[in-house]
Amino acid sequence: MTLHRTINLDLDSPLLRVEALTKLYGARIGCADVSFDLYPGEVLGIVGESGSGKSTLLSCLAGHLACDEGRVLYRNRDVVTLSEPERRLLSRTEWAFVHQNPRDGLRMGVSAGGNVGERLMAVGARNYAAIRASATDWLGRVEIAAERIDDRPRQFSGGMQQRLQIARNLVTSPRLVFMDEPTGGLDVSVQARLLDLLRSLVRDMGLSVIIVTHDLAVARLLADRLMVMKDGRVIEQGLTDQVLDDPQHAYTQLLVSSVLQV
Amino acid sequence: MPNPMILIENVSKRFTLHNQNAAVIPVMTGAQMRVEPGECVALTGQSGAGKSTLMRMIYGNYLAASGSILIGGLDVVRASPREIIRLRRETLGYVSQFLRVVPRVPTRTVVAEPLLALGHGEAEAHARAEELLKMLNIPERLWSLSPTTFSGGEQQRVNIARGFAHDYPALLLDEPTASLDGANREVVLQLIERAKARGAAIVGIFHDEAARKRVCDREIDVTGFTPRKAA
Numbered sequence: 001m002t003l004h005r006t007i008n009l010d011l012d013s014p015l016l017r018v019e020a021l022t023k024l025y026g027a028r029i030g031c032a033d034v035s036f037d038l039y040p041g042e043v044l045g046i047v048g049e050s051g052s053g054k055s056t057l058l059s060c061l062a063g064h065l066a067c068d069e070g071r072v073l074y075r076n077r078d079v080v081t082l083s084e085p086e087r088r089l090l091s092r093t094e095w096a097f098v099h100q101n102p103r104d105g106l107r108m109g110v111s112a113g114g115n116v117g118e119r120l121m122a123v124g125a126r127n128y129a130a131i132r133a134s135a136t137d138w139l140g141r142v143e144i145a146a147e148r149i150d151d152r153p154r155q156f157s158g159g160m161q162q163r164l165q166i167a168r169n170l171v172t173s174p175r176l177v178f179m180d181e182p183t184g185g186l187d188v189s190v191q192a193r194l195l196d197l198l199r200s201l202v203r204d205m206g207l208s209v210i211i212v213t214h215d216l217a218v219a220r221l222l223a224d225r226l227m228v229m230k231d232g233r234v235i236e237q238g239l240t241d242q243v244l245d246d247p248q249h250a251y252t253q254l255l256v257s258s259v260l261q262v
Numbered sequence: 001m002p003n004p005m006i007l008i009e010n011v012s013k014r015f016t017l018h019n020q021n022a023a024v025i026p027v028m029t030g031a032q033m034r035v036e037p038g039e040c041v042a043l044t045g046q047s048g049a050g051k052s053t054l055m056r057m058i059y060g061n062y063l064a065a066s067g068s069i070l071i072g073g074l075d076v077v078r079a080s081p082r083e084i085i086r087l088r089r090e091t092l093g094y095v096s097q098f099l100r101v102v103p104r105v106p107t108r109t110v111v112a113e114p115l116l117a118l119g120h121g122e123a124e125a126h127a128r129a130e131e132l133l134k135m136l137n138i139p140e141r142l143w144s145l146s147p148t149t150f151s152g153g154e155q156q157r158v159n160i161a162r163g164f165a166h167d168y169p170a171l172l173l174d175e176p177t178a179s180l181d182g183a184n185r186e187v188v189l190q191l192i193e194r195a196k197a198r199g200a201a202i203v204g205i206f207h208d209e210a211a212r213k214r215v216c217d218r219e220i221d222v223t224g225f226t227p228r229k230a231a
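Just so you know, the protein sequences line up as chains A and B, in that order. According to our numbering, the first sequence is numbered sequentially starting from 1. According to our numbering, the second sequence is numbered sequentially starting from 1.
Keep in mind that the hints were calculated from the coordinates and are not lab data.
According to the in silico footprint, chain B covers these stretches of chain A (three or more CB under 8 Å from chain B):
#1 194 to 207
#2 216 to 227
#3 251 to 259
Once the Cα atoms are required to be at most 25 Å apart in a straight line, the calculated SDA-like pairs of lysine to any residue come out as:
#4 A:K230 x B:L63
#5 A:K230 x B:Q20
#6 A:K230 x B:N21
#7 A:K230 x B:F15
#8 A:K230 x B:V24
#9 A:K230 x B:A23
For every residue, glycine included, the Cβ atom is placed at its ideal position computed from N, Cα and C.
So that you can see chain A by itself, here it is in the shape it has in the complex (with noise of 0.2 Å):
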């Protein structure tokens, strides 16, 4: 299934290049220095321990935190100098963000339905009947049954909640989405579902993905690359396969020799 491409991409450019980004706490670090470009259909993968500076520099990414020091580009803008509008626009159309909790990003008052077509609104659409459809349709592809789209997202299991959260994020069709744990707290068959989700999600709309995990096993799946963090800073990077098969850092060995094997 090809989808429908609003933006034509140089799929040889960086969608998003990231320059010495650092993130201070007063006199402790946040995160430091941290460098890397990401192309379109490439899903980045962050790991590290609580702690480790992951979710602050996520933050600082998608532009909730302000950095102290470096650049972020998208498409050879500055992001951190964009104007407060300007930014808002971007995180409504090219720009998703699912948080851990689906709470954090659905409106739980909200019907299901609302919550995919709210965000279509916010970009322009008003035919109730085009929006009723494509989040319908939204619903489908995410795996909840078409009864429940006047359902409040209260009613549904954390999965389907979690779930929603993806459709009400990724139906503008964006083309960076930055997520932060979005595996945690669920069940491990609930789990499963979502990564297949996740993955066919990235394929067909070609995707470029930033995921924040401490689950090694969930990047192993998902991410094309890691970063590992310790301490704000990025020890190692690299292919993911070689990364957790040959990790080179004392760090990294630790951690992945941590992993208990099933």
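Starting from the known structure of chain A, arrange chain B on it as the hints suggest.
Chain B in isolation, oriented as in the chain A frame:
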């Protein structure tokens, strides 16, 4: 002399175990080989001699400490992750001994995935997947199920089907006939022969000696690349 598909020169590998007193274990030195299109080369040597290590370095899964590994002109030792991902998508296939898939994905899709990743249409990719699954005697009623619950032999055949879905110019095969019965072993050997005939350069590990003798043109004993113990 034509350009070889795979050209390995002076490759060495060592593991540094930081959490075990930073022990440095040299496992390979001075590895070299060349494989022309249409040729199949067997890696031989005792268990632990480094056959899989060399194969993993060719695939970019292990980092080489030095030397160069050219696959269709790209040096895997120095290539960026993005270049290796592209190489693996278009040029370099790998049939490992283990099937690693997202749970819940149907077998048909697992096999079709390499073609879908290349942009082939779903109908075409699924048709090719079904053709291979049929050839490898995976019963049709299993095609819509995830292979995670299949037997070892069935998983191995799904893995082979996936590895042969796209006509890679270079192929790595790690024990492709292990745990297969006679009929399926014959199918796999024919797939290998057909890949050679269309010009694929193949590097394989075969404990199955008869299989090795039949499909391989040359053998390289990796024991020759084992670092000498310091006296």
